[in-house]
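Q: One-letter residues, chain by chain:
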Amino acid sequence: MLRIIAGFENPDAGAVSIDDIDILPLPPNRRHANTVFQNYALFPHLTVFENVAFSMRLKRASRKDVQLKVSDYLHLVELDGQADKMPSQLSGGQKQRVAIARALINEPSVLLLDEPLSALDAKLRQHMLIELDSIHDKIGITFIYVTHDQQEALSVSDRIAVMDKGNVLQVGTPYEIYESPADIFVANFIGETNLFQASVKAVEGELVDLEVPELGDIRVTTTCPVSVGATVNFTIRPEKIRISRAQPTLASEYNILQGTVEEPIYTGFQTKYFVRIDGTTTMKIFKQHINYTDEGPDIHWKDSVYVWWHAEDGYIVEDRPQ
Amino acid sequence: MKKHYGLVYTTPLTVWITLFFVAPILIIVLYSFLQKGLYGGVEWRFSLDAYRALINPVFGKVTLDTLAIALVSTVLTILIALPCGLYMARSRHKNLLLILIVIPFWTNFLIRVYSWIAILGNNGLINEFLRGLHLTESYVPFLYNQWAVTIVLVYTYLPYAILPLYSTIEKFDFSLLEAARDLGASHMESLVKILLPNIKAGIVTSILFSFIPIFGNYAVPLLVGGKDNVMLGQIIADQITKTRNWPLASSISMVITVVTTLGLAMLMLIQKRQADAQREEASRAAEFARNGA
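Just so you know, the protein sequences line up as chains S and D, in that order. Heads up, the first sequence is in the working numbering, so the first residue is 620 and it goes up one at a time. Heads up, the second sequence is in the working numbering, so the first residue is 42 and it goes up one at a time.
To be clear, the hints were calculated from the coordinates, so they are not data collected in a lab. Glycine included, C-beta positions come from ideal geometry on N, C-alpha and C. Check the hints yourself; a few may be wrong.
So the derived label-pair ranges between C-beta atoms look like this [stated by the list, open to error]:
1. S:Met620 - D:Phe170: 35 to 41 Å
2. S:Leu643 - D:Tyr259: 56 to 62 Å
3. D:Gly78 - S:Pro663: 53 to 59 Å
4. S:Ser818 - D:Arg133: 36 to 42 Å
5. S:Ser707 - D:Ile144: 34 to 40 Å
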């Protein structure tokens with residue numbers, strides 16, 4: 620998709636416009652879009668300075684302008700002292716920043732980022748993500764950011780388009796995408812979830828009673844219209860499920876299930892449980908350790924537990940229209 | 042103990058190069074300063090005669106002619122080799138194309154030159170064709186002039202130019218061209234500013250691999266060249282086999298060596314200048330960033 624916007628490939632159908640101007644007939648060098656390539660694509664024979672200055676030199680900018688602007692942009696990406704280094708002398712994160720400065724100096728209307736952090740290690744990725752976000756805040760132009768990392772997508776985006784096999788499945792804010800996924804693919808792809816097929820038993824306004832073969836009867840609220848007898852997909856996010864060994868006393872809007880802990884995975888800030896419900900299916904449950912005295916670490920392998928969640932936390936997902 | 046192994050490993054090569062490369066060159070240098078023997082060979086007396094003989098207008102003309110043919114042939118060779126290498130490096134049939142480039146080496150060089158005579162000759166392929174079309178009644182004299190020499194030289198040394206170009210272009214990351222286009226370069230600009238500098242090593246190698254053998258070439262001008270455009274290589278051969286003036290042959294060889302070395306030095310100097318200029322610009326910018334703003 621980025622290659623189409625940048626102009627390296629032609630779409631079979633459709634239009635691409637920037638600032639209401641159709642850019643499809645334009646060659647890549649005449650489009651107001653610049654790309655940060657996945658492998659950075661820094662010019663190995665040029666210094667950091669000349670890499671960033673490349674587009675200005677093409678426009679035959681005066682030497683003074685070039686020096687002013689290039690040092691500005693190197694400052695923006697915090698590479699002030701690195702101007703005379705060659706790309707091969709830089710670390711991954713630094714190369715990344717040169718690529719960003721080089722793309723931004725052209726003052727494009729749109730910056731295209733093609734999995735820009737995929738070549739970096741986890742720590743650096745986190746750091747660059749925040750960095751990118753703050754650069755975006757300073758520059759204020761549109762960033763189009765392609766990534767397979769849904770965590771990355773959720774953390775930096777204003778709007779996300781979830782794509783599968785060339786189709787856009789859903790466009791929305793990170794909150795919308797995560798909390799109200801448009802279909803099973805989106806629900807599965809963004810974050811982790813428990814997904815079941817169910818049939819509708821009864822509808823009472825927004826409250827719906829479902830029959831889930833693996834779980835039994837489940838209550839859920841929904842805003843989309845469903846009819847009794849219809850087959851739907853029911854999803855519940857693992858972090859919205861509570862877990863304890865003692866039986867809780869709860870109102871009828873709560874769903875309570877009994878199960879056995881198959882696998883507790885302690886990760887510090889939370890514990891992930893895989894709980895087998897009635898010997899038929901496994902549910903993922905994430906328990907945040909909000910207090911030191913949390914019960915979390917005390918729930919062990921093979922423990923018999925209760926899991927529950929509020930009807931509002933469950934969600935009905937439509938099948939993907941074929 | 043360990044140190045001695047290096048010596049052991051390099052000895053065969055050192056002996057080989059000394060025996061068959063350094064020694065012959067030293068002999069040529071030495072001979073060029075000796076007096077010529079009556080029936081070939083040399084008299085062991087120091088003399089500058091061989092160099093004095095070079096200072097004459099006929100020799101000057103031959104040198105310039107040779108230089109001109111060598112330069113034109115080299116430029117043509119590189120201009121043809123570049124797109125070939127570029128195409129080969131991006132082709133899906135790399136190995137097949139490589140074999141096609143190497144195939145001419147399996148045939149004797151003289152036979153290949155004679156096949157050019159068969160193509161360009163007065164009763165050759167092209168003239169037959171032209172006569173068939175009634176474009177000419179007798180023939181067009183393609184052979185025995187500097188253009189025939191140039192064509193055959195380009196043909197002969199093209200593989201030597203393509204192979205090093207191919208191997209450097211193959212390592213070139215073509216996504217860099219897309220990056221350049223993305224940053225506003227036209228197709229041509231991206232090739233000139235990004236591709237060429239990155240395959241410079243290959244181009245320099247190709248130039249050397251074609252210019253050096255072309256400049257000293259002897260067989261091609263002998264077989265397809267005319268009487269009026271003799272090349273230095275032929276004169277050297279004549280001095281050794283016919284005139285039997287070995288010192289003169291040696292001093293002419295020295296001229297070829299010196300001209301080639303000068304050209305090489307110039308290439309290296311230009312390259313160093315460019316690298317320096319770039320580094321200077323960057324450090325000036327760095328200083329500017331520190332002091333200014």
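Q: Run through the hints listed earlier and report the numbers of any the structure violates, in increasing order.
A: 1 and 4
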